[in-house]
Each structure stands twice: as structure tokens, then as C-alpha cells.
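Protein chains: 2
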Amino acid sequence: MEFSQFRELRSEDDRQAANEPHFDAAFRHKLEELLYWRRDVRHFSSSSLPQGVVDDTLTLACDTAPSVGNSQPWRFIKVSDAKARNAIVCNFQACNEDALRSQSSERRQLYASLKLEGLQQAPEQLAVFCDEGTIQGHGLGQSTMPETRRYSVVMAIHTLWLLLRGQGIGMGWVSILDPARLKRDLDVPKAWSFVGYLCMGYPLHTSRVAELQETGWQARQEPSATIMHRRS
Amino acid sequence: MEFSQFRELRSEDDRQAANEPHFDAAFRHKLEELLYWRRDVRHFSSSSLPQGVVDDTLTLACDTAPSVGNSQPWRFIKVSDAKARNAIVCNFQACNEDALRSQSSERRQLYASLKLEGLQQAPEQLAVFCDEGTIQGHGLGQSTMPETRRYSVVMAIHTLWLLLRGQGIGMGWVSILDPARLKRDLDVPKAWSFVGYLCMGYPLHTSRVAELQETGWQARQEPSATIMHRRS
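Protein chains in written order, with numbering that gives the first Met the number 0: chain E, 0 to 231; chain X, 0 to 231.
Do not rely on the hints blindly, as some may be mistaken.
Copies of one chain are not kept apart here, so a pair can be met inside one copy or by any two copies together.
Unchecked claim - Taking lysine to any residue pairs in the SDA-like style, the calculated list, with each CA pair at most 25 Å apart, reads:
#1 Lys77 / Ala17
#2 Lys189 / Pro145
#3 Lys77 / Ser101
#4 Lys189 / Glu32
#5 Lys77 / Tyr110
#6 Lys189 / Met227
#7 Lys114 / Asp54
#8 Lys189 / Gln119
Keep in mind the hints are simulated off the structure, nothing from the lab. All values derive from a computational prediction rather than experimental measurement.
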């Protein structure tokens, strides 16, 4: 069943009473398309983005992303100077050489052929952290699972990703990095955990299909394989 | 600036060449509203959801959520029998008593007054895990930051959240749980990490403002406080 054809599940009366917006089938269809076309982008045009667009989009993401206990623990550092960017490139290269060596011999050649980041082309770059020491939220919801602070940061990143894609801007998330080295290179507070490094810019290539699928690295698995039922 | 008023950033020619959909201002405005109205829901109607709606939505979320190296490490267990649900309620109650005691004396009364979950009302419930041992994706992108597998699961949860909200269904994420106890109670494989417990159903109350803000627990901070610039 197509998501856009799902039934209207809340009655018109309920919606109007709450003064809430109506998300109709046309919107839901477009949202589905946005999710499919989001994709991790590694091939960027070097054209710069319009002034302010990253800040404005980031502001909206921060204002709407879920966070545990309303803690909003995300911290974004815009990385724009050449020295800092070069440190990230060196960090990636060292980690990627290790990663290449750890691949099985039959996959090594394919791995080496993959372009896994756009660090040298993407006009806008963000290093994203979680402030583990924030008092915002007074610790609510975090005592047994402090990792939910980092999960909140991840949802802010995902929100940013979708909002950027809605404007025709691509984003790629680089995780082949040594977090300790990155924290030293960018000189961030000790209490911050590194969550992800984001490259942003106009994509040279857009697709509804993930690049790792297109290049034959890994087929998508059937969603049904991941959904189980617990009966006692 | 309103997100819906952002410029069209990709030219019509580029879009048509890639055969990609156009996300116009009206769609972007609705998307912004969806993000604001998503909210963590703790007050559920006990009315059941239409047959299949959670499965269908989950399938779409699994098919579109980003995952590191295309690893799709999310594992969803639908928790529906009374014994398993009761174990989750007991787990929550024990953890929440500890959490209440750890709050400062001046916040304890307010904490105690908050309704932090809908475990006893929500008609549909999912326990969500990350399979740390999956070979899907061949380890790509995960060697220095294995936590990106869990971050992928978080983005699948966030995708589900938005898709449900688009259909008028509310979701609440419960994190005041002991992960080890939950894993024992639900008898899940050792290699799975617990990521979150989700309650789903029709909301009794909807709002554009977070419940923790409405109840005076914690005001939202200014997004600008979390965005910094690194210049050397």
C-alpha cells in the first residue's frame, strides 16, 4: 500500500478542535518522495550555497527536532577555514586506509573504488557534537540511557538532512573519522561527544536509489526481515 | 525567514535532467508544520489503530531511513501480549522512582506530576534494537564509530515518527527503562542493543508546543546558542 493512500486516520472534527494542520494525501506522497530522494551525497558541485541558507535551515532543525527531556544537547561547529578542513581530510584518509585493510580481500578493490565523502568539494561543512554536560532538560529521561542525548543530536541531523533536501541541497554524513583526533583538531570542550561530520552543497548527481546500492556494494534488505512479533 | 519562503535552489533544468521531484513552497511549509506538530505523545486514546497501519508505515520507514554503509541494523519487536507489556511497565516504574529521587528537592514535585509515558494506554508498542553483529553493509563506515549503527536505528525511529504523525497518529519514545532488564524480559539476542521503546496510538491531545514546555519543565533554548563557528 502506498503511504499516500493511507486512510485519513483522525476525524476532521478532532483536527479542527485542536486547530492542527491537515496532512493530506498529496503532502504525504511528496513526503514519501522526499524520504526516498534524501540520500547520502558524496559528489558535490563546488558552487557555494546562498548566504544564510545553512544557518536558517539549522535554526529550524534545532527548533523542531525531538530531544530527550527537551535537553537540545546538539552543538554545531561550522568548519570553514583551510587548516581545520585539512585536518579533517587527513583524519579521514588515515581511518579510511585502516578500513580498506580491514575489508576482506575479495571486497577490497570495490571498497577502494567507492567515493565515501565530499570533504574536498563541499562548500559547507559542520562538525556535530553532543554536550553531555548540559543542564538543559534537568536530566529528564537520561538517567538509565545517557545515550539518548546523542540520539537527540542524531534526530536534529536527520531533520536538517530532510530540510536541506527539500531545498535541493545535498548532505553527506562522514563517519570514517577518529573522534578523539577530530576533537583535538577542532579544540572542542571535553564534555562534548563527537556525533558526525556533515558535508553540504549542491549535488552533482541525485537519485532515488542509494549510491552504495547503485555501485553494487550492498543491496537493500527487505524491511519485513527486521520486524518481529513478541508473543509469550 | 520562513522555510517555505527559501529560494528555489536547484534550477528547473537540473531537476528535470535528474527526473527528480520538485519540492515546492507549499510542500515545504507543510513539512515545517509536520516537524512542529510531531511531538512526543504520552496521552493516548485506547482506540486501536486500523489493522496493518503500523506495519505499512514501519516498512516505508525501513525502506527510506539512512543507515551507515546501508547496514539497516534496526530490529523492531512488536510487543502486544499482556505479560511482556507488564514487564515493561514494571521496568519503567522502578527506573522512574530512581529518577524521581535523583531530582533536586525543588523540582521533585513537578517531576512527580509529569506523565512521561503512555505504556498503559497505547494500543501499539514497539521495542527497537540495533543488531550490532549484522553483516549487512560489510562494516562500511562503522569501524571507528560503531555507534553509527545505533544512530541509523534512531533515524529509522525518527522517520517512523514523522510518517505516523502525517497520518494523525501520535508516538512517544520511552527511555526511562533499564536496557539490560528489558532485553532479558523480551528475550532478545545478545548482539542486539536496546535503542528505544515506542508507544503509538491516537493522541488525546495535540499541540505545536512540546509537553515539557507546556508543563513548565524546561523552556526551549534559542537555536543560535548551539551554532558556533570554528576559525583558526
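These are the hints, each one checked on the structure:
Proximity of Lys77 to Ala17 under the C-alpha cut-off of 25 Å is found in neither arrangement, the shortest distances being 39 Å within a copy and 30 Å between copies. In this assembly of identical chains, Lys189 and Pro145 lie within 25 Å of each other by CA distance both inside one copy and across copies; the values are 16 Å within and 20 Å between. For a Cα distance limit of 25 Å, the shortest separation of Lys77 from Ser101 qualifies neither inside one copy, at 32 Å, nor across copies, at 36 Å. For the homomeric pair Lys189 and Glu32, neither the shortest alpha-carbon distance inside one copy (40 Å) nor that between copies (36 Å) is at most 25 Å.
In this assembly of identical chains, the alpha carbons of Lys77 and Tyr110 never lie at most 25 Å apart, being 29 Å within a copy and 36 Å across copies at closest. For the identical chains of this complex, Lys189 and Met227 are inter-copy neighbours only, at 16 Å across copies versus 40 Å inside a copy, given an alpha-carbon limit of 25 Å. Taking the shortest Cα distances, Lys114 and Asp54 never come within 25 Å of each other, neither inside one copy (27 Å) nor across copies (35 Å). Within a single copy, Lys189 and Gln119 get their C-alpha atoms no closer than 28 Å, and across copies no closer than 40 Å, so neither meets the 25 Å cut-off.
Comparing the model with each earlier hint shows violations of hints 1, 3, 4, 5, 7, 8; every other hint is respected.
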